[in-house]
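Could you build all of it, start to finish, from the sequences and the hints given here?
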Amino acid sequence: MKVHYYPGCTLKEKTTNLDNSTREAMKRLDVELVEPEGWTCCGAEYPLTEEKIVGLAAPIRVLRQVREESGDVLITTCSFCYAVLKRANKAVREDPLKHKRINAYLKDDIKINALTKEKTTGFTEYNGEVKVLHLLEYLRDAVGYPKIRSRLKRDLKGLKIAPYYGCRLLRPQKEVGIDEPDNPHIFEEFLEVLGCASVDFPFKQECCGSYLSVSLPDAATEASYQILRSAGLNGAQAIAVSCPLCFYNMDRRQDRIREKFMDFTGLPVLFFTQLMAWALGVEKKVLGLDQHFYPPDHLFREEKKAEVVL
Amino acid sequence: MKDKEPKKRIGLFVCHCGINIAGVVDVEKVANLMKDYPGVSFSTNYVYVCSDPGQQMIIDTIKEKKLDAIIVAACSPTLHEKTFQEAAKLAGLNPYQIEIANIREQDSWVHSDKDKATRKAVKIIKAHVAKALRNESLQPIKVDVKKRALIIGGGVAGLQAALDIAEHGYQVLVVEKNPSIGGKMIQLSETFPTLDCSQCIMTPKMVEASRHPNIKLLTYHEVESVSGFVGNFKVRIKKKPRYVDEKLCNLCAECEKVCPQVVPDEFNMGLSFRKAIYMPFPQAVPGTYTLDEKNCLGLLPVRCGKCKDVCEKKAIDYDMKEVIFEEEVGAIVVATGYDLYTMQAIGEYGGEKYEDVINGLEFERILSASGPTGGVVRRPSDGKIPKHVVFVQCTGSRDTEKHNPYCSKICCMYTAKHAMLYKHRVPDGQATIFYIDVRAGGKGFDEFYQRAIEEDRVLYIRGKVSKIFKEGDKLIVWGVDTLTGKKVEVEADMVVLAMAMVKADGIPDLLRKLKIQSDIHGFLSEAHPKLRPVESLNSGFYLAGCAHGPKDIPEAVAQASAAAAKVGDLFAQKELLHEPTIVTVNDELCSGCAICITMCPYQARSLDPEKGIAVVNEVLCEGCGACAAACPSGAAQQRNQTDEQIFSMLTAMLSEEEHV
Chain A
1 MKVHYYPGCT LKEKTTNLDN STREAMKRLD VELVEPEGWT CCGAEYPLTE EKIVGLAAPI
61 RVLRQVREES GDVLITTCSF CYAVLKRANK AVREDPLKHK RINAYLKDDI KINALTKEKT
121 TGFTEYNGEV KVLHLLEYLR DAVGYPKIRS RLKRDLKGLK IAPYYGCRLL RPQKEVGIDE
181 PDNPHIFEEF LEVLGCASVD FPFKQECCGS YLSVSLPDAA TEASYQILRS AGLNGAQAIA
241 VSCPLCFYNM DRRQDRIREK FMDFTGLPVL FFTQLMAWAL GVEKKVLGLD QHFYPPDHLF
301 REEKKAEVVL
Chain B
1 MKDKEPKKRI GLFVCHCGIN IAGVVDVEKV ANLMKDYPGV SFSTNYVYVC SDPGQQMIID
61 TIKEKKLDAI IVAACSPTLH EKTFQEAAKL AGLNPYQIEI ANIREQDSWV HSDKDKATRK
121 AVKIIKAHVA KALRNESLQP IKVDVKKRAL IIGGGVAGLQ AALDIAEHGY QVLVVEKNPS
181 IGGKMIQLSE TFPTLDCSQC IMTPKMVEAS RHPNIKLLTY HEVESVSGFV GNFKVRIKKK
241 PRYVDEKLCN LCAECEKVCP QVVPDEFNMG LSFRKAIYMP FPQAVPGTYT LDEKNCLGLL
301 PVRCGKCKDV CEKKAIDYDM KEVIFEEEVG AIVVATGYDL YTMQAIGEYG GEKYEDVING
361 LEFERILSAS GPTGGVVRRP SDGKIPKHVV FVQCTGSRDT EKHNPYCSKI CCMYTAKHAM
421 LYKHRVPDGQ ATIFYIDVRA GGKGFDEFYQ RAIEEDRVLY IRGKVSKIFK EGDKLIVWGV
481 DTLTGKKVEV EADMVVLAMA MVKADGIPDL LRKLKIQSDI HGFLSEAHPK LRPVESLNSG
541 FYLAGCAHGP KDIPEAVAQA SAAAAKVGDL FAQKELLHEP TIVTVNDELC SGCAICITMC
601 PYQARSLDPE KGIAVVNEVL CEGCGACAAA CPSGAAQQRN QTDEQIFSML TAMLSEEEHV
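In order, the protein sequence lines correspond to chains A and B. According to the working numbering, the first sequence is numbered sequentially starting from 1. According to the working numbering, the second sequence is numbered sequentially starting from 1.
To be clear, the hints were calculated from the coordinates, so they are not data collected in a lab. Yeah, the Cβ is synthetic: ideal placement off N, Cα and C, and Gly gets one too. Among the hints, a few may not be true.
[To be verified] Label pairs and their in silico Cβ distance ranges:
(1) A/LYS157 <-> B/CYS252: 51 to 57 angstroms
(2) A/GLY235 <-> B/ILE436: 34 to 40 angstroms
(3) A/GLU51 <-> B/ILE436: 26 to 32 angstroms
[Claimed, not checked] Result set (DSS-like, lysine-lysine): computed pairs, CA atoms no more than 25 angstroms apart in a straight line:
(4) B/LYS467 <-> A/LYS174
(5) B/LYS402 <-> A/LYS90
(6) B/LYS470 <-> A/LYS160
(7) A/LYS174 <-> B/LYS205
[What the hints assert, rightly or not] Some residues of chain A that are not near chain B, with every Cβ distance over 10 angstroms (derived):
(8) ILE186
(9) GLU189
(10) PHE300
Here it is, written out as C-alpha cells:
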C-alpha cells in the first residue's frame, strides 16, 4: 500500500536516521511512503504566526500536489509540519477569503511552470481535500494496533519510555489536537503496543523551546532540561518524541544542558519510529544510533530483556 | 364586508407614554383619525393612560359613553393588560372586552420616521378594532386548590421551605433521594462569615422538620412523575427499599460491625469508608440504618445474611420491595441543590491523578470535627499535616472557552474561610490563594476576606493556575501573578480547588418529569429575573436554593422562605382563577385526527374514547395556541383569538383605505 509522506526539512537533512527508521518500519507494516513530487518546506511556524496569505501558499502547494497525484492522505512525522499543514488545510476549507487568495497564488505557479516547461496545465482549485495525519494517528486508525502487534519481532518488555507530546500535536485543540490536550493517551497506547512500558510525567505536554533554539538558545536549553529532568525523575530510561525539532532540542542540546545544570546526567532521546522499527525487527544500523548526542545504544540489545542501569 | 361587521361601541385611548410613544408617533393625529373609523364611538389621547387619572378617565368614559369595548393603544400587553382589565371591571365592563394595541414596543421604539410610524400605529389600531368587535365576554375558569405542598430536596432550602409552609398551617411532603435529609449543608464544617458550625445550625432544623406535625419526611424516596396542574398535582413517588425498618432500628450498630463490605463513604466525599449497611452520619434524620443494595453482597441470606443474624430488633428485611404510591398536592417547591464540577473536566490540575488535589467539599470534610480526620488537617495521600496549602478559585467557573461561563458565587468566600480555618488549625502553615478577583459582596463578607489577609496572613495571588503536577512529595503549582506579570511556581503539600457549582446530577431527568424549564446550564428558570425570582414559568412550581443557580446559605434560605410565602399566597385562596382564553374544540368539525394532542405542551388535550374527538382539560390549557395552529379542520379555536378574528385583523391591517 502506498501513502503520501511528507518528511519535512529537518528529517530530510539533519536527522536522516529518523527518516530511515520511519520508512523501514512502515515497510514492515506493508506501507510504502511516497513523497509528493517537488515538495517544499512547509514554512514551519511562520505562515501561521503572521497570518500572511503568501506564507500559507507553501503548505497548500504541497497538499495540492498530493491531490494532483491522486492522494487523499498526507502523513507526517514532524509535529510542526503536522500542525502547519493541518491548520493551513483547515483555513482553506473554512475561510472562503483565504481559500480564494491562496488559490490565486497557486494559479500563478502553474503559469510560470507552464512557461518554463512550455506546456500549459489546467488548474483546479485546492479545497482542502487531502487529509493531514500524524503518523501516530495513521498507525492507530489506518494500520491498526493489532497489525503492529502481529508483526513485532523483538520484545521491548522492560523498557520504560516516557512519551513526550510537546506542544504542536495537541494545541490548538480545535484546529490540530489529535487528542485531549490535558489528558492525552495516544502516544502511551502506541508505546504499549510496541511492548514497552510508558512512563507518565507531568512535562509531557510542555514546550521544548522550539525555534527559540535559534534566537534564544538559553530558553530552549532550560525548557528541554525541565522536560528531560522530569522524565528521569519519574523513572524513564529514555524519552520518546514525535517531532524532529523536539528531538534536536532535547538530544543535541544535552551538552549545553549539562553545562548549565550541574545535576543533569543525561537521558537518551528516541524518535518514536526508531522504537517501532526496532520492535518490528529492523537492523540496528538503520536506526543511526551513532548520530545521537546521548548514545542510546544500551537500550537496543538483541537479548529478550533489556536491562539497563542509568 | 362592512355590513357584516358586528356592532359595538368601542372607546379608543391613545397613550403618549411621555415621549416614549409621542416622540415618534403623532398620537393626537392618530386619535383624531380614528374618531370616525367604523365601530369607534370615542377616541382620545392622554399622556399616561396607566396613571391613576388615566385609569379614572377610562372608567368614567366607559360609563358615560356606554362603551361595549375599549382599545388602549399603548405598551405591550404583558405590562398593563391587567391594569386596564381591572379598570374595566370597576366600570362594569367584562375584562375580556379590553384590547391592547401595542404601539410602543412594536412601533415607536423600533422606528424613527415619524410619518411612517404614525401610519403604522393607525394600522395596528385598526386591526385591534376588528378584533375587539369580535371579542366575547368571558368568565375566568375556577379551580379548587389542594392545600398540601411537595418539596423536592431535603437540603437547607428544602427544609426551610417545608418548615415555613408547615408553620402557615399546611401539610408538607418532603421527598429526599438520600437516606437522610440535610443536603450539602450538613457536610460543611463551618460557615462564612461568622464561622459557626454548620452541623450545629443545621441539625436543629432537621430535627424540627422531622418532628413537625405538618411535615412528612419521605427520605430515600424519589419523584417518579408529576401530572395535573397548579392546585391539583398528582405525584407518583417511589419509595426505595431501605431493607431496614426505620421504626424498629434502634441504632445498636451491630449490623455495621459484622458487615464485610467496605465501600467509600459518600458523606465524607470518599475520604473514608463505610459498610454496605450504614448510617450516613451520626445525626442522620431519620435515625436509621440503610442497606445499600448496590454494595451488599447479596440480599439472599444464603450469600451473607450476617447483619440479619445479629439484628435483635429484627429490623432487617431482605424482601423489602420498591413501592410506588400517589400523593395529591397543590404546589411543588423544587430545591434539588447542586453538584460540583468534576475533576476529570480539568485535566491540567491533575485532580484525577493526585490524591492531594481535592475539591472544596472534600476540604470541608477534612476540616469538619466529625470528618475522616476528626478535624485535624491531614492530606489524603499519606495523612501528613500539610504545611503549605494552595487554593485555586474559579476552577471551572468564569471560563467561557472550556468550562462554565458563570460565576459560582460562593467560592471567594468559602476559599477565604478554608484558608482561615486551615491557618487556625495549622498556625505555622502557609495558605496561598490564586484568584481572578475577590467577590465579597454580602453582609460582613468583605470584612471577613480582609480578616483572612490581615489577621490570618493568607497570601492572595491575583492570577490563574495553569498546571498542577507532582514532583516527589510535593505538588508543583504553576500560575501567574498578574499584578507583577510574572509566572509563579509554588510548591504545595495539598491543593484545594474551588470547583464550579453545576446542576445536580439528576436535573435533566427531573425536568422531564416536572416539565419545567432550565437555563442552558441546567439551573431552573425563574418566571421573571427581577420581579418573580422564586416562581417557575409553569404555575404551581416554585424554586429554592442552588437548583435555581449558585447561591450561599443565607440566600438559599431567603429564597426558600420566599417560595414558602408564595405557596402560602396560593393556598390562601379559596379557588384559583384560570384564564378563560383557552382553545376549545368544535365537536362538529373535529375529525379526531389527534394532531392537536401531540402538539400540546401541557397535556391538556386528549381523545374522547366514545366520541372519537379531541377534548380539552380547561384548567391545563394555557392558551398557547399550538393546537389551534396545527388543527387541519379549524375545530380548535382559541377564545378571543379565533381564526376569524385573526383574518379580520389582517384584513383591517392590510386594507388600502388610507386615513392618514
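Taking the hints in turn, this is what the structure says about them:
1. A/LYS157 <-> B/CYS252: 51 to 57 angstroms: The hinted range 51 to 57 angstroms holds for A/LYS157 and B/CYS252, with Cβ atoms some 55 angstroms apart.
2. A/GLY235 <-> B/ILE436: 34 to 40 angstroms: holds (37 angstroms)
3. A/GLU51 <-> B/ILE436: 26 to 32 angstroms: holds (30 angstroms)
4. B/LYS467 <-> A/LYS174: holds (20 angstroms)
5. B/LYS402 <-> A/LYS90: Given pair B/LYS402, A/LYS90 holds - Cα atoms ~21 angstroms apart, limit 25 angstroms.
6. B/LYS470 <-> A/LYS160: holds (19 angstroms)
7. A/LYS174 <-> B/LYS205: Measuring from Cα to Cα gives roughly 50 angstroms; hence the hint is violated.
8. ILE186: holds (14 angstroms)
9. GLU189: holds (16 angstroms)
10. PHE300: At about 30 angstroms from chain B, A/PHE300 clears the 10 angstroms cut-off, so the statement holds.
Going down the numbered hints, you'll see the structure goes against just number 7.
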